[in-house]
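2 protein chains.
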Amino acid sequence: MKTRLLTPGPTPLPEEVRLTLAMDMVHHRKEGFTALLGEIQQGLKWLFGTEQPVIPLTCSGTGAMTAAVGNLFKPGEQVLVIEGGKFGERWGEIAGTHGLDCAVMTVPWGKAVTVEHVETALKNYPDAKGILIQASETSTGVLHPIKELAAFTRERDLMLVVDGISAVGISPCPMDEWGIDCLLTGSQKGLMLPPGLAFIALSERAWKRVEEIKPRNFYFNLLGERAKIMVNNQTNFTPAINLLMGLSTCLDLFQERTMEEVFRTQWALTQMARAGAKALGLELLAKDHYTWGLTSIRLPAGVDGAVLLKACAERYGVVMAGGQGHLKGRIVRMGHMGHVDFADVMAGLYALAQGLKLTGGHSGSRDYLERAMEAFETSLADGPPADLC
Amino acid sequence: MKTRLLTPGPTPLPEEVRLTLAMDMVHHRKEGFTALLGEIQQGLKWLFGTEQPVIPLTCSGTGAMTAAVGNLFKPGEQVLVIEGGKFGERWGEIAGTHGLDCAVMTVPWGKAVTVEHVETALKNYPDAKGILIQASETSTGVLHPIKELAAFTRERDLMLVVDGISAVGISPCPMDEWGIDCLLTGSQKGLMLPPGLAFIALSERAWKRVEEIKPRNFYFNLLGERAKIMVNNQTNFTPAINLLMGLSTCLDLFQERTMEEVFRTQWALTQMARAGAKALGLELLAKDHYTWGLTSIRLPAGVDGAVLLKACAERYGVVMAGGQGHLKGRIVRMGHMGHVDFADVMAGLYALAQGLKLTGGHSGSRDYLERAMEAFETSLADGPPADLC
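Chain order of the listed sequences is A and B.
For any residue, its number in our numbering is found by taking its place in the first sequence, counting from 1, and adding 1.
For any residue, its number in our numbering is found by taking its place in the second sequence, counting from 1, and adding 1.
No wet-lab data here; the hints were simulated from the structure.
Among these hints, one or two may not hold up.
Each pair may be met inside one copy or between any two copies, as identical chains are not told apart.
As the list claims (entries may be wrong) - In silico DSS-like pairs for lysine-lysine, Cα to Cα no more than 25 Å straight-line:
#1 K75 / K215
#2 K31 / K3
#3 K87 / K31
#4 K311 / K329
#5 K31 / K311
#6 K229 / K311
#7 K329 / K229
#8 K279 / K215
#9 K329 / K31
#10 K124 / K75
#11 K112 / K329
#12 K87 / K229
#13 K148 / K124
Small disclaimer: the values here were computed from a predicted structure and weren't measured.
Go ahead and model the full structure; you've got the sequences and the hints to work with.
Put into structure tokens, the structure is as follows:
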């Protein structure tokens with residue numbers, strides 16, 4: 002059976018990337034590879050929208066989150082954690098492990114935070130040195146208003162630390178233009194690579210903070226990595242060579258397509274998935290502020306999410322994800338990021354519809370696929386709204 | 002030009018592994034992948050020679066060294082670091098960053114430590130809780146006597162923490178049989194994979210120590226990883242999926258060949274490289290205790306190592322490594338680990354001989370290749386000495 006991976010990471014890989022991943026090893030301290038790292042550095046800066054170096058780390062996205070907390074804050078310092086899903090919770094766990102004084106602002110899962118709420122919350126935490134947040138909360142499919150939050154924090158002595166794991170390369174998040182202090186991502190979402198690499202960039206004022214703090218980190222030592230990159234396109238430790246070679250291919254693909262087209266397609270696929278789910282009579286978890294790389298769909302009462310997902314995979318080869326935490330079994334998360342097109346999302350919607358019939362006898366409109374495609378075509382023609390870019 | 006990677010990691014990849022690395026993504030939380038992780042777990046236990054779980058970490062080998070120090074010791078505790086090369090120095094740096102009281106025992110680069118010296122050194126450090134050492138010091142090609150050291154430490158309240166990065170899968174290091182408390186390795190040496198994965202296993206008494214210490218590590222949380230592996234063949238965070246798929250292929254290759262044959266071949270290639278270098282009139286850096294995956298060869302006075310290595314690469318496609326630290330420019334490190342055969346080492350020796358002529362006019366015997374092959378054939382027939390196994 003042909004398998005379609007519609008999970009919110011890892012994502013299917015383009016053939017060009019897969020072939021690069023299969024290339025034989027080269028040595029990471031020789032000229033050819035440092036030249037490649039130099040080119041990658043230019044591509045990553047372009048992708049992140051920053052003049053600052055973007056540091057590749059050999060780890061999962063969580064490793065880069067750990068690096069952010071461990072380098073930017075001293076034990077005992079206060080941070081505000083925006084917790085509206087599993088990855089918001091993770092920020093709190095990492096900050097706690099690092100000995101930070103962690104003020105948690107919970108947001109209902111499925112809702113985005115607002116600048117006003119953050120401003121109010123900060124009145125109780127005047128000593129907070131930073132805000133830890135997700136651009137896209139992968140566990141709920143919510144897109145937080147990073148542009149607005151950055152406009153708020155950049156006028157204050159507050160580091161805005163953004164987990165962009167399911168946002169970078171999927172929806173706009175131009176770091177310097179918006180004024181983000183720390184942006185990080187992993188390789189297995191928008192970048193269409195296997196997991197195993199993460200990337201992190203800091204603003205000028207964030208680097209100053211790190212220089213002042215002089216953090217004691219050995220593996221996640223950002224000052225050390227920055228020095229290595231800037232002096233001779235190197236990494237502190239042996240990096241994930243074949244993933245970096247794959248990244249180079251991936252950045253070429255992005256540059257050929259242009260980011261504007263990538264974002265436009267992601268937007269259209271999102272509108273398609275949302276329209277299809279609605280036409281099936283389903284409720285969306287994230288109503289107003291939703292990410293462009295996955296769609297979270299509530300399941301009708303009585304439907305067992307695990308059984309439904311199993312049926313989708315076994316009958317139609319469509320692999321989707323369920324809910325996490327208290328949403329386990331209650332939502333389906335359909336990923337449509339990276340190397341995924343309209344036909345993959347059609348397969349996802351069809352499998353979902355059939356899965357519903359099998360598990361709860363639910364029947365939506367018979368033209369949900371046509372309606373989904375209409376939304377796709379219209380959104381592709383119109384492009385995403387300007388206020389989200 | 003055909004390139005031959007004769008560096009001490011990364012190493013060339015077998016075709017079977019490369020093809021696996023090119024496979025499309027699967028989801029790491031689904032049944033198929035957890036079954037694969039279960040099989041890998043059995044293979045890793047066999048490779049490490051242990052009944053304990055072997056934890057895969059998404060990081061370079063240095064990440065696993067950090068994990069060992071951060072989980073096994075509390076800040077303020079004393080450890081004895083055996084420093085006979087760059088990676089011994091790295092143990093000291095990691096231990097220092099972690100706030101350990103670091104007693105450093107230096108050994109001349111090129112020499113192995115002895116149990117007697119360690120015993121004497123420990124008289125000055127009666128509070129030491131552990132010894133940090135390399136099985137094979139990749140920067141010098143020295144093999145430390147881990148079997149003898151483990152026989153010493155396992156009778157004492159002393160953790161023997163062994164960096165097996167260029168030893169596991171190359172020369173014998175059976176963890177449980179010898180009584181090693183912590184053994185770790187990386188993916189890019191004997192395992193014939195790209196870098197990006199590391200593996201770490203602890204003895205029963207080492208796990209007890211971790212349970213007592215309750216270390217605060219988020220990304221490198223060994224207790225958390227052990228729980229995930231033992232309960233449902235999972236990892237705490239998204240792992241390097243394609244490298245783990247490649248590992249599965251690699252473990253199959255090892256099991257088909259048997260470890261005895263792998264070690265025998267590594268031994269024979271080592272004897273071949275050493276005999277060839279000697280026949281060229283060159284001095285070996287590690288005279289008595291040498292690793293089975295690389296050979297460190299001193300260059301005659303006046304020869305510029307960087308120029309020689311460049312000539313080997315440009316004229317013959319043979320990529321070797323130079324010295325590190327104070328050995329920079331003064332030695333050649335010829336890797337012969339993993340997917341390398343006699344003809345690759347012949348090419349390495351020929352390139353070295355030609356490089357010497359170009360840089361210093363050195364001329365050895367004209368039958369050095371024949372002598373090298375005689376050593377290879379004899380060693381392959383005889384196998385490694387029993388006291389090293």
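Evaluation of the provided hints:
{"no.": "1", "hint": "K75 / K215", "verdict": "both (9 Å within a copy, 21 Å between copies)"}
{"no.": "2", "hint": "K31 / K3", "verdict": "between (41 Å within a copy, 16 Å between copies)"}
{"no.": "3", "hint": "K87 / K31", "verdict": "between (41 Å within a copy, 19 Å between copies)"}
{"no.": "4", "hint": "K311 / K329", "verdict": "within (14 Å within a copy, 57 Å between copies)"}
{"no.": "5", "hint": "K31 / K311", "verdict": "between (47 Å within a copy, 10 Å between copies)"}
{"no.": "6", "hint": "K229 / K311", "verdict": "between (47 Å within a copy, 22 Å between copies)"}
{"no.": "7", "hint": "K329 / K229", "verdict": "between (43 Å within a copy, 18 Å between copies)"}
{"no.": "8", "hint": "K279 / K215", "verdict": "neither (51 Å within a copy, 48 Å between copies)"}
{"no.": "9", "hint": "K329 / K31", "verdict": "between (48 Å within a copy, 15 Å between copies)"}
{"no.": "10", "hint": "K124 / K75", "verdict": "within (21 Å within a copy, 38 Å between copies)"}
{"no.": "11", "hint": "K112 / K329", "verdict": "within (17 Å within a copy, 57 Å between copies)"}
{"no.": "12", "hint": "K87 / K229", "verdict": "between (34 Å within a copy, 18 Å between copies)"}
{"no.": "13", "hint": "K148 / K124", "verdict": "within (21 Å within a copy, 61 Å between copies)"}
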